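Peer 1: Sequence:
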Amino acid sequence: MKRTLLSALVSAALLAGSGAAYAQEAATRAARAADWTTWGYGHERPNWNRGETTLTKANIAKLKLLWSSQLSTKPTDIVLSTLTAPLVVQNAATPGGPKDLVILLGADDTLFAVDANSGRVVWQKTFVNTLKPLREANWLCPNSPNATPTIDKQKGIVYFITSDGKLRAASLSDGAEKMAPTDMVAPFARAWSLNLIDDVVYTTSARGCGNIVDKNSATAAAATDTPRPGSPPPDPSNIAAMDVRDPAHPVLTRFFTSGGRASGPWGRGGVARTHRGVITQTADGQVDPASGNFGSSVLLLAPHVARLVDSFTASNWRYQNTHDLDLGSGSVMTFPFAKRDLAASIGKEGVLYLLDTANLGGSDHATPLYQSPQLGNDAAIGTEPGQGMWGALATYESPAGKRYLYIPMWGPPSTKAPPFKFTNGAIPHGSIMAFQLSEEGGKITLIPQWTSPDMIVPDSPTVANGIVFAMQTGEQTLQRELAKAGQPAPPVGPGAGAQFRATPVSNLVLYAFDAETGKQLYSSKKIIKGWTHFSEPVVALGKVFIVTHDGQLHAFGLRSTRK
Numbered sequence: 020m021k022r023t024l025l026s027a028l029v030s031a032a033l034l035a036g037s038g039a040a041y042a043q044e045a046a047t048r049a050a051r052a053a054d055w056t057t058w059g060y061g062h063e064r065p066n067w068n069r070g071e072t073t074l075t076k077a078n079i080a081k082l083k084l085l086w087s088s089q090l091s092t093k094p095t096d097i098v099l100s101t102l103t104a105p106l107v108v109q110n111a112a113t114p115g116g117p118k119d120l121v122i123l124l125g126a127d128d129t130l131f132a133v134d135a136n137s138g139r140v141v142w143q144k145t146f147v148n149t150l151k152p153l154r155e156a157n158w159l160c161p162n163s164p165n166a167t168p169t170i171d172k173q174k175g176i177v178y179f180i181t182s183d184g185k186l187r188a189a190s191l192s193d194g195a196e197k198m199a200p201t202d203m204v205a206p207f208a209r210a211w212s213l214n215l216i217d218d219v220v221y222t223t224s225a226r227g228c229g230n231i232v233d234k235n236s237a238t239a240a241a242a243t244d245t246p247r248p249g250s251p252p253p254d255p256s257n258i259a260a261m262d263v264r265d266p267a268h269p270v271l272t273r274f275f276t277s278g279g280r281a282s283g284p285w286g287r288g289g290v291a292r293t294h295r296g297v298i299t300q301t302a303d304g305q306v307d308p309a310s311g312n313f314g315s316s317v318l319l320l321a322p323h324v325a326r327l328v329d330s331f332t333a334s335n336w337r338y339q340n341t342h343d344l345d346l347g348s349g350s351v352m353t354f355p356f357a358k359r360d361l362a363a364s365i366g367k368e369g370v371l372y373l374l375d376t377a378n379l380g381g382s383d384h385a386t387p388l389y390q391s392p393q394l395g396n397d398a399a400i401g402t403e404p405g406q407g408m409w410g411a412l413a414t415y416e417s418p419a420g421k422r423y424l425y426i427p428m429w430g431p432p433s434t435k436a437p438p439f440k441f442t443n444g445a446i447p448h449g450s451i452m453a454f455q456l457s458e459e460g461g462k463i464t465l466i467p468q469w470t471s472p473d474m475i476v477p478d479s480p481t482v483a484n485g486i487v488f489a490m491q492t493g494e495q496t497l498q499r500e501l502a503k504a505g506q507p508a509p510p511v512g513p514g515a516g517a518q519f520r521a522t523p524v525s526n527l528v529l530y531a532f533d534a535e536t537g538k539q540l541y542s543s544k545k546i547i548k549g550w551t552h553f554s555e556p557v558v559a560l561g562k563v564f565i566v567t568h569d570g571q572l573h574a575f576g577l578r579s580t581r582k
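Quick note on numbering: this note's numbering labels position 250 of the sequence shown as 269, and the sequence is numbered without any gaps.
Hints listed in this document are in silico derivations from the structure and should not be mistaken for laboratory results.
Being a predicted model, the structure only gives us computed values, none of them experimental.
Glycine included, each C-beta is placed from N, C-alpha and C at the ideal position.
Check the hints yourself; a few may be wrong.
Each pair of labels, with its calculated beta carbon distance range [as the list claims (entries may be wrong)]:
1. Q390 x P438: 13 to 23 Å
2. N378 x G115: 43 to 53 Å
3. I546 x K76: 35 to 45 Å
4. S542 x E459: 34 to 44 Å
5. P200 x G461: 48 to 58 Å
6. D383 x K462: 16 to 26 Å
7. P392 x A445: 15 to 25 Å
Let the hints inform the model, and build the full structure from the sequences given.
Peer 2: Structural data, given as structure tokens:
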């Protein structure tokens, strides 16, 4: 009881003071370092590196593949994300002196530190999981780690979650553990990108993949939507927060978005910061706050996820549920605009919501500050083969003070979408859509700016120095092989279809576009033969880092002219 009360008091104090801290942070945004130490670059998940200056519009056409490093994690059909999205730390202290490091977590629980300038592995550590999964792995629940780590550069620590569900802390110097492994999510759960805010590590967990241990009987069960009588409960969808201020006594708190698998917050960005706490968005599920069910919603939680502060649920949430058009495929992002702290939210339906984090959805929790027309997915296709927005948004503010948003859209644009100022040809398979924000008389709107060339399964774009970087992933989005006339019916089930799901339809292509006009500045074309899943191009220290399913880390940059 004492610890619970203390946690509540600390959360209340942090919430009360977070507005001033957020304002101070916002005032110093322009002085950000060139590192990329968490998914989406910063706590708000902007996917915009404000400290990058080496790559410019004038030289980006000279971008080259500098090196590719084959890491030891072996790819499998079951695990689509062999490596997490890369993180980049400048001048990390190592036994060999300061080094620029790329940090990644492999699907075999191996943490890698790679020299950002040479591609050589500086150190790697494998953390053995002695637990046995209670269900056979499949590509939906691969029994592997999934969350992109996060870095505390000041303390020289990388936080990450291994497949046993434990939060670990390793030294950037050599991988030595700096905290006892501590249970944070269920073993073999699908957790999503970590965020470190005020010495609290956050993650989200969804899909009900984890194994739950009944401490009274010392037995375990795989999570299911409807547990058998007498069996342990399912692995419920939740947001978890671990206070690591005292590494010897970390404190865990959770907020459950439902009592089961439904309503899972599975956007790859996890949570984003606001001046009131943290914010995330959820997948299909019933909306009944009194029963603890928060489906198809944007949720704002107090620090430490101590309580629900505010929420937004679109008025057509029943329609979204019926057609599997939930927000789970996307990740919420926050940013300042017009003296407001805004949150941008979009999912499979292809409708963008802008929310004022001071009051997410008005008195009815269903009225956004701005709602776009439908931008994609006229066919109302849910998970398979996938249309609408999948991935994460990016934002950018130009030197002239113009604020832009960038959306990765699967499939063709909606017939209801407004015309764009600049286009790059037909976009039947997918594209990046760019909008400029406008405010007049207190009313905020989006002005369509440009669309990219056609891209096969575009993923989360990123921005640096006025350039938008985006990837065509080339991955297969069908979840099962379609039957062919005169051929035996293909096997069914996630396990049987893994090889098909892991067979790409194209190769990865890295693009660079002018952030304001959409003019194509660079394309890697067929330099990379592989493909990627649930990742992003990370731009830092004058390079662009990407990972591919075959377990390779690639670095693009400018070749040195020095002799």
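Peer 1: Look at each hint and say if it fits the structure.
Peer 2: The hints, checked one at a time:
| no. | hint | in the structure |
| --- | --- | --- |
| 1 | Q390 x P438: 13 to 23 Å | holds, 19 Å |
| 2 | N378 x G115: 43 to 53 Å | holds, 52 Å |
| 3 | I546 x K76: 35 to 45 Å | violated, 21 Å |
| 4 | S542 x E459: 34 to 44 Å | holds, 37 Å |
| 5 | P200 x G461: 48 to 58 Å | holds, 50 Å |
| 6 | D383 x K462: 16 to 26 Å | holds, 19 Å |
| 7 | P392 x A445: 15 to 25 Å | holds, 20 Å |
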